[in-house]
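K.L.:
Take a look at the letters that make up each chain.
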Amino acid sequence: MQNEIHQAPSAEAMADLQTREQDSICVNESTLDHPWWYNFKYAAWGILFGIVFVKAEIVSWFRIQEMFRFESFHMYGVIGTAVMVGLISVLIIRRMKARTIYGEEIHIPAKTFNKGQVFGGLIFGLGWAITGACPGPLFAQIGAGYSVIIVTFLSALLGTYVYGAFREKLPH
Amino acid sequence: MLETLKQPWPWYVAGALIGLTVPYLLLVGNKTFGISSSLRHLCAACIPGDIKFFKYDWRKEAWNLFFVGGIAAGAFLAATFLSDPNPIALAEPTQAYLATKGISDTSHLSPAEIFSWEQLFTVRGLVFFVIGGFLVGFGTRYAGGCTSGHAIMGLSSLQWPSLVATVMFMVGGIAMTWLILPYLLTL
Numbered sequence: 001m002q003n004e005i006h007q008a009p010s011a012e013a014m015a016d017l018q019t020r021e022q023d024s025i026c027v028n029e030s031t032l033d034h035p036w037w038y039n040f041k042y043a044a045w046g047i048l049f050g051i052v053f054v055k056a057e058i059v060s061w062f063r064i065q066e067m068f069r070f071e072s073f074h075m076y077g078v079i080g081t082a083v084m085v086g087l088i089s090v091l092i093i094r095r096m097k098a099r100t101i102y103g104e105e106i107h108i109p110a111k112t113f114n115k116g117q118v119f120g121g122l123i124f125g126l127g128w129a130i131t132g133a134c135p136g137p138l139f140a141q142i143g144a145g146y147s148v149i150i151v152t153f154l155s156a157l158l159g160t161y162v163y164g165a166f167r168e169k170l171p172h
Numbered sequence: 001m002l003e004t005l006k007q008p009w010p011w012y013v014a015g016a017l018i019g020l021t022v023p024y025l026l027l028v029g030n031k032t033f034g035i036s037s038s039l040r041h042l043c044a045a046c047i048p049g050d051i052k053f054f055k056y057d058w059r060k061e062a063w064n065l066f067f068v069g070g071i072a073a074g075a076f077l078a079a080t081f082l083s084d085p086n087p088i089a090l091a092e093p094t095q096a097y098l099a100t101k102g103i104s105d106t107s108h109l110s111p112a113e114i115f116s117w118e119q120l121f122t123v124r125g126l127v128f129f130v131i132g133g134f135l136v137g138f139g140t141r142y143a144g145g146c147t148s149g150h151a152i153m154g155l156s157s158l159q160w161p162s163l164v165a166t167v168m169f170m171v172g173g174i175a176m177t178w179l180i181l182p183y184l185l186t187l
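Here the protein sequences come in this chain order: A and B. When we follow our numbering, the leftmost residue of the first sequence carries the number 1, and every step to the right adds one. When we follow our numbering, the leftmost residue of the second sequence carries the number 1, and every step to the right adds one.
Any given hint could turn out to be false.
[What the hints assert, rightly or not] The calculated lysine to any residue pairs, modelled on SDA-like cross-linking and capped at a C-alpha distance of 25 Å, are:
(1) B:Lys52 <-> A:Glu21
(2) B:Lys55 <-> A:Leu154
(3) A:Lys97 <-> B:Gly29
(4) A:Lys41 <-> A:Gly103
(5) A:Lys115 <-> A:Ser10
(6) B:Lys6 <-> A:Gln22
(7) B:Lys60 <-> A:Gly80
(8) B:Lys6 <-> A:Gly145
(9) B:Lys60 <-> A:Ser10
(10) A:Lys115 <-> A:Ala11
(11) B:Lys55 <-> A:Trp37
(12) B:Lys52 <-> A:Lys41
(13) B:Lys60 <-> A:Glu21
(14) A:Lys115 <-> A:Glu168
(15) B:Lys52 <-> A:Ala11
(16) B:Lys55 <-> A:Gln18
(17) B:Lys52 <-> A:Phe113
(18) B:Lys6 <-> B:Phe81
[To be verified] Not the full set, but computed from the structure, chain B residues with beta-carbon under 7 Å of chain A:
(19) Trp9
(20) Leu90
(21) Ser110
(22) Arg124
(23) Leu135
Because the hints were derived from the structure by calculation, they are not lab data. C-beta: ideal position from N, C-alpha, C; glycine also.
Next up, chain B with everything else stripped away, as it sits in the complex (with noise of 0.2 Å):
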């Protein structure tokens, strides 16, 4: 039992664990699934400032940073008690042209030749890092929503907002990954 929980999950397994999140929260407290929020809610909670869109009651939406918390947690878990030994299966085509960019390390879940402290004062870290973390953050929220928010929820219950969301992180995604990332990625 334990060896199986520890190889890759199927994807369908994962998707229907994932899917089941949306009764589960409007079953037990009336909550849609979101998890981009909880990156606005801990904005109202530390550094509201003056900002109108920050004053709000935050607490109200404290849930979602318990949800949050639990992902963290979770994570450790399995990271800590279900880890898998062996290299990820990366798709062949994948790892051949990553193989060419020099990210040949699939050991871990992330390639270590980008995300580890070393890089952190690089080119390379000002980009993967600050800069990427900073279009998630401001994306998500301009768009109002993210991947579980629109992708999952808002598709869900059927709102075409969600869906033209949906579309254009697929956009972007897609044009970040064919046409900028390869020059990001020889930085």
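Next up, chain A with everything else stripped away, as it sits in the complex (with noise of 0.2 Å):
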């Protein structure tokens, strides 16, 4: 089954399938079958992302204060081109139905809204001007040399492992 695209996936993996994209933007069923090295492409483009990151100093507590306390134009320009460019890319996508490069037809998940993204948000927010790093900088910092940040980052770890273990019990 190595390599090639194959029938329906079960019922088993599409259950699979549903409790990952439980509050997540980030999943994909793929029905190619790829060794494990072909991540590295992902790995690749990360370390490209890394060193933006820490250059355009994102990664900095500074930068977020500025950005928060409407004193810097930085973050802003950094977020909203970004913004920019990736809804042209999609917008190209698309328009034009391309494809992977494995040939597959590129899917989109539709985020549906619950009130998580309301409180969520918020505890997101008092966090992320706390720490100065949201979850992608938590890792360019330990990466950059701020080791201490392992302590921030095993503290995300716990609260991510805590809203799982709560999930059911939170209005959403």
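Both chains come to you apart, so use the hints to assemble them.
P.N.:
Okay, structure coming up:
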């Protein structure tokens, strides 16, 4: 079954996908079965990403302070440009009905609204201003040698875990 | 060339490269951009326990872990080979404000007065590392994404729930910065 597109996923695989799709935007169910080292495509882009994060000072607590204090355009420029470039890219991909390099149809899962985006968004915003980091910059700060951020990272893992444990009891 | 690369990169270069992540991930593997999910996959891989939310085949999302591993490696490379010896060019009003709170060391990306091992077992450390990190991990998962998944990927694909999430990120951040952080910084 390696390296070829095969039949529709089983009921079990669909249930697994549904679990992964909960509260996530970045999942996909490719029917391609690739060897693990194909994942280095993502690591390679991650490396470029990490360099950008550090060199444009997006991982800086100071830059996040400036942003929330409305005293610098830098972060708004970064996020605004990223959204514009992403938006145009998605438009072109959709208009051209572009396929992946392996010939698969491109699929962007729809995000459904729930109260989590309000409450969770607010909670994340509070944490973002304290730590000066969203999840991506946490990895970058550790990589850049700020070893104490490992504590913040472990705490973020714990936060994710606690959310998973109490998910059913929270308003959605 | 190398000297130019060592300077802080302008926002439009960084923004464009970050934005290009969206088509890159879609075109090479039908993946939608998002980073906070890596935290969930790590929970699923290491400590799934008996929690339904973590009981799935995390190996199918292994690409995400390669991506964040790459981010850490790239940051290491930038800090090792492209580091800029000058202090961060912080906006004057921010610098003046932080100085009133005793934060004036702008020689690193983050203030050494807060983000150092010496602060870990203090009230300040508890707030800035432990509580802050917890809010980031809990909040992003509850919201179903972070700045990358919602603000960039979600807005790029015109999903209005992502706009709601992005607005709430900003509301939370602004509330913390203006209402609560002034007290936390004096801890």
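K.L.:
For the pair supplied as a hint, A:Lys115 and A:Ala11, is the alpha-carbon distance within the 25 Å limit?
P.N.:
violated (29 Å)
K.L.:
Hinted pair, alpha-carbon criterion (25 Å max): B:Lys52, A:Phe113. Please report holds or violated.
P.N.:
Holds: B:Lys52 and A:Phe113 sit about 21 Å apart, inside 25 Å.
K.L.:
Under the criterion that the straight-line Cα-Cα distance not exceed 25 Å, is the pair B:Lys52, A:Lys41 satisfied?
P.N.:
violated (30 Å)
K.L.:
Do the alpha carbons of B:Lys55 and A:Gln18 lie within 25 Å of each other, as the hint requires?
P.N.:
Satisfied, since the Cα-Cα distance of roughly 11 Å is no more than 25 Å.
K.L.:
Holds or violated: are the alpha carbons of B:Lys55 and A:Leu154 at most 25 Å from each other?
P.N.:
holds (20 Å)
K.L.:
Can you confirm whether the C-alpha distance between B:Lys6 and A:Gln22 stays at or below 25 Å?
P.N.:
violated (41 Å)
K.L.:
Does the nearest C-beta of chain A fall within a distance shorter than 7 Å of the C-beta of B:Leu135?
P.N.:
B:Leu135 check passes; min Cβ-Cβ to chain A is 3 Å, inside 7 Å.
K.L.:
Please work out if A:Lys115 and A:Glu168 have their alpha carbons no farther apart than 25 Å.
P.N.:
With a Cα-Cα distance of about 13 Å, the restraint between A:Lys115 and A:Glu168 holds, given a limit of 25 Å.
K.L.:
With chain A as the partner, please determine if B:Leu90 meets the hint condition of a C-beta pair closer than 7 Å.
P.N.:
This hint holds: B:Leu90 lies near chain A, its Cβ roughly 5 Å from the closest one there, short of 7 Å.
K.L.:
Are the Cα positions of A:Lys41 and A:Gly103 separated by 25 Å at most?
P.N.:
Since the Cα atoms of A:Lys41 and A:Gly103 sit roughly 16 Å apart, the hinted pair holds (cutoff 25 Å).
K.L.:
Against chain A, is B:Trp9 within 7 Å by beta-carbon distance?
P.N.:
holds (4 Å)
K.L.:
Between the alpha carbons of A:Lys115 and A:Ser10, is the straight-line distance 25 Å or under?
P.N.:
At roughly 31 Å apart (the allowed maximum being 25 Å), A:Ser10 and A:Lys115 break the hint.
Hint check: violations occur at hints 5, 6, 7, 10, 12, 22; the rest are consistent with the structure.
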